[in-house]
Each structure stands twice: as C-alpha cells, then as structure tokens.
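A.B. asks: Once you've looked at the hints, go ahead and assemble the two chains, each given alone in its own frame, into the complex.
For reference, the chains in residue letters:
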Amino acid sequence: GENVEQHPSTLSVQEGDSAVIKCTYSDSASNYFPWYKQELGKRPQLIIDIRSNVGEKKDQRIAVTLNKTAKHFSLHITETQPEDSAVYFCAAVSGTYKYIFGTGTRLKVLA
Amino acid sequence: GAGVSQSPSNKVTEKGKDVELRCDPISGHTALYWYRQSLGQGLEFLIYFQGNSAPDKSGLPSDRFSAERTGGSVSTLTIQRTQQEDSAVYLCASSLVSGEPGVEQFFGPGTRLTVL
Numbered sequence: 001g002e003n004v005e006q007h008p009s010t011l012s013v014q015e016g017d018s019a020v021i022k023c024t025y026s027d028s029a030s031n032y033f034p035w036y037k038q039e040l041g042k043r044p045q046l047i048i049d050i051r052s053n054v055g056e057k058k059d060q061r062i063a064v065t066l067n068k069t070a071k072h073f074s075l076h077i078t079e080t081q082p083e084d085s086a087v088y089f090c091a092a093v094s095g096t097y098k099y100i101f102g103t104g105t106r107l108k109v110l111a
Numbered sequence: 001g002a003g004v005s006q007s008p009s010n011k012v013t014e015k016g017k018d019v020e021l022r023c024d025p026i027s028g029h030t031a032l033y034w035y036r037q038s039l040g041q042g043l044e045f046l047i048y049f050q051g052n053s054a055p056d057k058s059g060l061p062s063d064r065f066s067a068e069r070t071g072g073s074v075s076t077l078t079i080q081r082t083q084q085e086d087s088a089v090y091l092c093a094s095s096l097v098s099g100e101p102g103v104e105q106f107f108g109p110g111t112r113l114t115v116l
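Taken in sequence, the protein lines are chains F and L. Every letter in the first sequence is one number past the one before it in this note's numbering, and letter 87, counting from 1, is 87. Every letter in the second sequence is one number past the one before it in this note's numbering, and letter 57, counting from 1, is 57.
Some hints could be false.
Here are the simulated BS3-like pairs of lysine-lysine, each with C-alpha atoms no more than 30 Å apart in a straight line [claimed, not checked]:
1) L:K11 to F:K22
2) L:K11 to F:K42
3) L:K17 to F:K42
4) F:K98 to L:K57
5) L:K17 to F:K37
6) F:K42 to L:K57
Have a look at the derived ranges for each label pair, beta carbon to beta carbon [stated by the list, open to error]:
7) F:A70 to L:G16: 43 to 51 Å
8) L:Q83 to F:K42: 23 to 31 Å
9) F:S18 to L:V74: 37 to 45 Å
10) L:L39 to F:P8: 17 to 25 Å
11) L:L39 to F:P82: 21 to 29 Å
12) F:K71 to L:S53: 27 to 35 Å
13) L:T114 to F:N3: 23 to 31 Å
14) F:G1 to L:N52: 20 to 28 Å
15) F:G95 to L:Q80: 26 to 34 Å
16) L:L116 to F:N53: 47 to 55 Å
Sample of chain F residues facing chain L (criterion: CB under 7 Å; computed from the structure) [unchecked claim]:
17) A29
18) L46
19) F101
In case anyone wonders, no lab produced these hints; they're calculated from the structure. Predicted, not measured: the structure shown is a model, and the values here were computed from it. Don't be surprised by glycine CBs; every beta carbon is placed ideally from N, CA and C.
Isolated chain L (complex conformation) (with noise of 0.2 Å):
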C-alpha cells in the first residue's frame, strides 16, 4: 500500500567518497527511473529499469553512476569518487507497466545528496 520509498532522505559526503542511494518502488510495478534534480532545475532522466534490466542508460553523467535493480523491486543508484556537482536532489520513480504510452509515474520522496 505504501508509496515510493527511499533512502536516505538526506546524504552527506566528502569529496571522493562513494554513496549509495536506495529505492523501494510500489510494490507490483515493473519500470522504475532514477531522475536528478538540482536546484532550480528540472527533472534530468539518469536511467530506466523494466524489470531488472536497463535497456536505457544514456543519462548516467559518467562512469562514475551506475545502477541496480534486483529482484524487479529494490533499485540502488552508486556514485563513486563523488565531485561537488553531483550535489542534488536524486528522485525515483514507478510505475505499473511500461508497454504502452501514458503510464503515470509515482516518485518517492528524493534523496538529498550534498558533496562537500
């Protein structure tokens, strides 16, 4: 019954240190997405899940972003050797199948990530 969940809500680090982002879609739903928002910016795609593959990518900013998603449910997002521009609000989203147009998308409650 619960919506998107994640975790941490908030995340400090160091430069150069690892994190880890963690993400609890709505149980049943197949697509998930990880989207960055920095501030007073809009929602910028990272990568998409259908099930526990990612056939879409090409929005991770470097090879420094990389993403999982296991059992069709939990998804972490992995930023390694963090920079200060990967300061932001990092959101993710459900939804409940991804084979035709118009499926809402239900996000969770970001995790600010600041980068000192």
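Excised from the complex, chain F in its bound form (with noise of 0.2 Å):
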C-alpha cells in the first residue's frame, strides 16, 4: 500500500541552528502535502502545507520544498529556537481525504 517514509526520526540542533526534515511518498497520485507540529502532549496543528503544482513555499522561519518527480519533499526550519522543539510529522494527501502520515521527526533544539 501506500506508505510515507521521514527521516530522520530524531533530529537535535543548536539554537539559531538550521534544521531539515525530509519525506518520500509512493503514491504518484498526492497531490497536497502538509507539515503538522505535535507539541508534548498537545494536538497536531498545520504549521505550512504545498500543493503538487509548487515547487516551493515559505512562512518565515519555515520553508517546505517539493520535488514531485523524486517524490520527495522537505521541511526547512532557519534559526531554531527552543520553542521549534516537537515533534513534526509529514503527510501526502491523495484524493480528497486519504491521508498517509510519516512516523514523525523528534526535533530538539538545545539552548
């Protein structure tokens, strides 16, 4: 079936530091992928999403790049701070509906 594959699974880096998290998808068929940060005992909440159609999306400190024919895309965070310490799960979305999240990156940025 269809999985997403992240990496890596823990992630430690000094504050200011960059940061970068990387997925691959099998489905050919996604066509939105979005990042989710997970606090420690909190919900997932969307912090940047890219529709197959762009190659690249920034929100200030975080940047997320596709590359579609590689089926890869990335996470990019400048400047950590210790509040970026979560953990960061990726998804493809195919369809409307289906999505398929990665296991999840445990970033620590150490102060």
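C.D. replies: In structure tokens form, the structure reads like this:
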C-alpha cells in the first residue's frame, strides 16, 4: 500500500542552527503535502503545506520544498528556537481525504 | 467557535471490555477522520466520514473496531473486546469540505486509551 517515509526520526540542533526533515512518498497521485507540529501532550497543528503545482513555499522561518519527480518533500526551519522543539509529521494526500502520515521526527533545539 | 473536542481524555479499561470514544467536530465541518497514534509512532488512518457515511473504512484494524456518525456531527468509535495492543491515543480530526485537495484538518486533543 501507499506509505510515507520520514527521516530522521530524531534531530538535535543548536539554537540558531537550521533543521531539515525529509519525506518520501509512494503514491504518485498525491497532490497535497502538509506538515504538522505536535508539542508534547498536545494535538497536531498544521504549520505549512504545499500543493503539487508548487515547488517551494516559505513562511517566515519555515519553508517546504517539493520534488514531484523524485517524490520527496522537505521541511526547512531556519534560526531554530527552543519553542521549535516538538514532533513534526509530514503527510502526503491523494484525492480529497486520503492522508498518509510519516512516522514523525522528534526535533530538539538545544539552548 | 470551539475546536474539535474528544471525550473522554483518558480511558483505562480491562482487557475484553468494550469502549466508546466520542468526537465532536467543528460545527459545519462535513469531513471527519479517526486516527490512532501509538507511542512514538505516526498517525495511523482508521476511518473517514463524509457527512454520515463512511466511504473509507479500510484503516480499521479488525472487526472489533466500528464507528458511526449521526446528524453529520458527533462521531463515536467503538472498540469491542479490547486487547492490550489497542492501547494508544485515538485522534479525531475534521475539515470544512472534502471536495478539494488540500483542505486543512483540525485535530482534537485525543483520547488516551490504556488496556490493562
């Protein structure tokens, strides 16, 4: 079946450094790629998303890139801050509802 | 105005008992999703509702799992004869429409189920 691979599973960076999380999907029909942030004990919340007709999208310190040919997309966080520490999930969506989530990346920003 | 709510927030049950989990989506959201999140794992899709119908039940792990939605609003996920491997956080999400790609899902706080 369809799946989404996400790497790394854990990532530690020094405050101020950049963090990159990568996902690869298998379903070529996927056309929407959201990223969710889940802080400890809280619900996942959407932080940025990208559609298949766009190669890159940026929102302040967060950016996402998409390579449809290679079927992978990445989350980039620049100038990391302690409050960026959380678990990040990528997802590949096909059709109108079929969300396939990655297994998550636990990001730790060290002060 | 409130977001997605779920109840109970925590449920501890004995193996073999039935449990019922409830989800109240955001008012007006026609699409509703159930996911399961095991410790340290990603989000496992269980079932999707469009209105009161469930066009995709493919994620339900076994016939012990069932879900329904009434009035296009509240949904309940029922697990019969619970097993220890059912222990997880069960998350509900809703979205405004499900006719276009890329509509944001809003998650509830989840129900943490522990089967002893």
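A.B. asks: Compare the structure with each hint and give your call.
C.D. replies: Okay, the hints, checked on the actual structure:
1. Proposed proximity of K11 of chain L and K22 of chain F is contradicted: the alpha carbons are some 35 Å apart, above 30 Å.
2. Annotation: proposed proximity of K11 of chain L to K42 of chain F holds, straight-line Cα distance about 17 Å (limit 30 Å).
3. About 27 Å separates the Cα atoms of K17 of chain L and K42 of chain F, which keeps this hinted pair within 30 Å; it holds.
4. The suggested pairing of K98 of chain F with K57 of chain L holds, with an alpha-carbon distance near 11 Å, which does not exceed 30 Å.
5. Proximity of K17 of chain L to K37 of chain F is assessed by CA-CA distance (about 34 Å); at most 30 Å being required, the pair is judged violated.
6. For the given pair, K42 of chain F sits about 26 Å from K57 of chain L by alpha-carbon distance, which is consistent with the 30 Å threshold.
7. Range check, A70 of chain F to G16 of chain L: Cβ separation about 48 Å, and the 43 to 51 Å hint holds.
8. As the Cβ distance of Q83 of chain L to K42 of chain F is approximately 27 Å, the hint placing it in 23 to 31 Å holds.
9. With their beta carbons about 43 Å apart, S18 of chain F and V74 of chain L fall inside the hinted range of 37 to 45 Å.
10. Hint check: L39 of chain L to P8 of chain F, Cβ distance near 18 Å, so the stated range 17 to 25 Å holds.
11. Restraint check, L39 of chain L to P82 of chain F: a C-beta distance of roughly 24 Å satisfies the suggested window 21 to 29 Å.
12. At about 31 Å, the beta-carbon gap between K71 of chain F and S53 of chain L stays in the expected band of 27 to 35 Å.
13. The supplied range of 23 to 31 Å is met by T114 of chain L and N3 of chain F, whose beta-carbon atoms lie about 28 Å from each other.
14. At about 27 Å, the beta-carbon gap between G1 of chain F and N52 of chain L stays in the expected band of 20 to 28 Å.
15. A hinted range of 26 to 34 Å holds for the C-beta pair G95 of chain F and Q80 of chain L, which are about 30 Å apart.
16. For L116 of chain L paired with N53 of chain F, a C-beta distance near 50 Å keeps the hint of 47 to 55 Å intact.
17. The interface hint given for A29 of chain F is violated, since its Cβ lies 10 Å from the closest Cβ of chain L, which is over the 7 Å cut-off.
18. Below 7 Å, beta-carbon pairs count as interface contacts, and L46 of chain F has one with chain L at about 5 Å; its hint therefore holds.
19. For F101 of chain F, the interface hint holds, the least distance from its beta-carbon to any beta-carbon of chain L being 4 Å, beneath 7 Å.
Checked against the numbered hints above, the structure violates hints 1, 5, 17; every other hint is satisfied.
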